[in-house]
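Chemist: Heads up: the protein sequence lines correspond to chains W and B, in order. Terminal number for the first sequence in this note's numbering: 636, no gaps in between. Terminal number for the second sequence in this note's numbering: 838, no gaps in between.
Everything labelled a hint here was simulated from the structure, so no lab data went into it.
Quick list of the computed label-pair ranges, beta carbon to beta carbon:
#1 B:804 with W:603: 43 to 51 Å
#2 B:816 with W:623: 13 to 21 Å
#3 B:757 with W:527: 27 to 35 Å
#4 B:770 with W:606: 29 to 37 Å
#5 W:633 with B:325: 51 to 59 Å
#6 W:630 with B:757: 26 to 34 Å
#7 B:804 with W:575: 27 to 35 Å
#8 B:816 with W:570: 38 to 46 Å
#9 W:606 with B:804: 43 to 51 Å
#10 B:763 with W:605: 15 to 23 Å
#11 W:575 with B:802: 19 to 27 Å
#12 B:757 with W:540: 22 to 30 Å
#13 B:763 with W:575: 36 to 44 Å
Covered, in the sense of this in silico footprint (three residues per stretch, anywhere, with C-beta under 8 Å from a C-beta of chain B), are these stretches of chain W:
#14 547-556
#15 561-575
#16 617-628
As the structure is a computational prediction, the values presented were derived from the model and not from experiment. The beta carbon of each residue, even a glycine, is placed where N, CA and C say it ideally should be.
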Amino acid sequence: MGRTPSSKEDAQALFHSLRSAYAATPVNLKIIDLYVGFAVFTALIQVVYMAIVGSFPFNSFLSGVLSCVGTAVLAVCLRIQVNKENKDFKDLPPERAFADFVLCNLVLHLVIMNFLG
Amino acid sequence: MPRSLSGFLVLLLFVSICEAASLFQPISDSHGSAALELFTPDHGSFKSLEETYEALRTFELLGIEKKPDVTATACRSISETVGSSSSAPKELFYALKANSIAKCKINEKASQGIITRLNAAIKGASLLLDFYYSVGGLVLIKDQSSKADVHLADAEGVFRSVKAFSQSDGRWRYSSNNPESSAFASGIALETLAGIVSLASSEIDQSLINTLKNDIRKLFDIVEKYDDGVLYFDDKQLDDRDYEGPLSTTSSVVRGLTAFAAVTPGSLNLQGDKILGLAKFFLGIGVPGDAKDFFNQIDSLSCLESDRFSIPLILSLPSTVLSLTKKDSLKVRVNTLLGSNAPTLTVKLVGAFNSGSKDASLVESQELKFDEEAGVHILNNLPKSIDVGSYTFVFEIVLHEPEREKVYYTGSQTEVQIYVTGLIKIENAEITVLDSDLASVETQKKLDLAGQNAVSLSANHLQKLRLSFQLTTPRGLAFKPHQALFKLRHESKVEHIFVVGNSGKQFEIVLNFLGLVEKFFYLSGRYEIKLTVGDAVMENSLLRALGHIELDLPEPPEKAPRPPPRSADPYSRYGPKAEITHIFRAPEKQPPKELSLVFLGFTILPSLGFLIGLLRLGVNLKNFPTKAVPATFAILFHFGIGAVLLLYVLFWLKLDLFQTLKLLGFLGVFLVLVGHRILSHLAATSSKLKSA
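So that you can see chain W by itself, here it is in the shape it has in the complex (with noise of 0.2 Å):
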């Protein structure tokens, strides 16, 4: 126990560490960030009902996660595209990236909605 004050200012100081760094993210990766919480959460809203009812419309439900999770995963590509210290994708434009992420959006849910049911 006697560890626990300095160990719980430790956690504190990276946090804080932590907060201030991310703080210094350009405002659109902040977004992308915010939309991908969102998907992931909504994803695990449905899994939890999942786990109450029973998977019973087995389609209907692998289409609610995988259109949230797929979502994400896309949000997550178009992040990594358009952060500009990444070098890897210094001569691809955003707004490129953004019609890709566009594109892989609409096809998902024309499957998603094909599985629906």
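Given the structure of chain W, go ahead and fit chain B onto it with the hints provided.
Modeler: Frame of chain W; chain B shown alone:
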């Protein structure tokens, strides 16, 4: 059982009689009663004048006395149609046709009016049927009113315009702008042209008549044939509207030919076999069940029997089954098509053959005696060479007055299938149980196969059973029936059937039980014995229970075959089947509705959080393009995405994949265009900013 077998044999006999009777029978009394049933007026009149004409004509041709009296109502509707100035040529045509039989009075003024109207109709006609009804109407009125002077002004011109419908293959068209031609139209055209010739005031050019004869010859090139000499006309069924069927088509052609032969006497030389072939077609139909078909049949037959052609004579037999035992005599009737008597003639039996074989004839050529009273030709005693069995008899008709051969057509030879039946003598029937060496007889019983028998035998597996009998035909020859079967039936209903073989008259079967123990499944006990002897020409076919035999067979070894499971009652498979009950899967348990709605609310929460987060981050739309063109594209881009998402919702709710993909194709192209415009614009601005 014997009764059911004899019932079956009677049925067999009946079927074979029916088959043989497909030999062409002339029109008989049965047609008369059928006509009265088919042409029944509804409340004293027929539906139309066309039907009235058909009924009156059929009654007239069949000579029916007790016909329904429709003359009064028919006359009323005829005078209405004739008097009205608005009746079409078709109505006038059928009114006049009906009047040609009903013989009502048409006043002079009305007939003059009709003549003018029909003449005008001929001038304005462009279709074959217009010509047909108008010319037909004029011909009828010419025949009906003696005073009226009916002539076609430009007969040759009208003749040529009708002739223009003809095709090179003998068929005709209905109108000049319809390329489809038919044999039915040929009959109509011939009748029309015959009418024009009879109405012409001067002689029609002989060359026109000759080309027409040529057309008729070509028409007989497309006639359809059967093997038995039947001829008929039929059209290719191009579309249902104009297709009339072989009976109507042939009937139309026959009427046309008759009308044409009537106006050009002696010029149309149709061979007798063609007339006979067409007549056989109409007779082969039997009694049609439809009024129109019935009229066509009778009317055409009367056309063929008219003196325009040589009259075909039809040979028919009242019965094609003759019994040797009852000494039936062979009777042959010769009539014209409509059943009237033939001139004096002799029928010759020129040959008789065993069915299916083409050996030499079994009989000498001989003449049949004519019985004046009954009107039949009789051969009293069948030739000695004819025994029971089925035969093909060949007849020939010889007219007594050779000069009448031009008037009548007798055909060449007529083949008729004849069944000769008789009682078969069954003798020396006995059943014997023998010891294995066939020499020593254990038991021997005489059987009387004509009566009842109840033998009771017993045997073991080392013995043999022998059944023997002799079959002799009335002429004293050997007879081999279709069926000669010996049946053993165990108490447990297991049956064994054996074919009884023969050598000449002697029929015999020997059952060696030693070789049969396995086939009998080692079943000892009582076996019923049954014998079947049957044939279509055997009048005393039999199925007899002979008694029973007690069999003592050895115990079955280990691996002996088991008797087959007793099949269920064979009749039960015609009974109702067990009812099928459908089992549905129980529906899945659904969660309570409230819980689902609560979670629906929960799924909205993260999106609310997303919006709040956006506000916290201070997101704004300041970068939204301000210039008109890029702003429009930006809005269109967002609308496009919205539209695609809406389409997805519709896809989920009601559209199918193909509809969705089709719409998505259009939306996708639109979206790519506007997206490319707006995004490249944004990229250009940002790179400008960077370089600045």
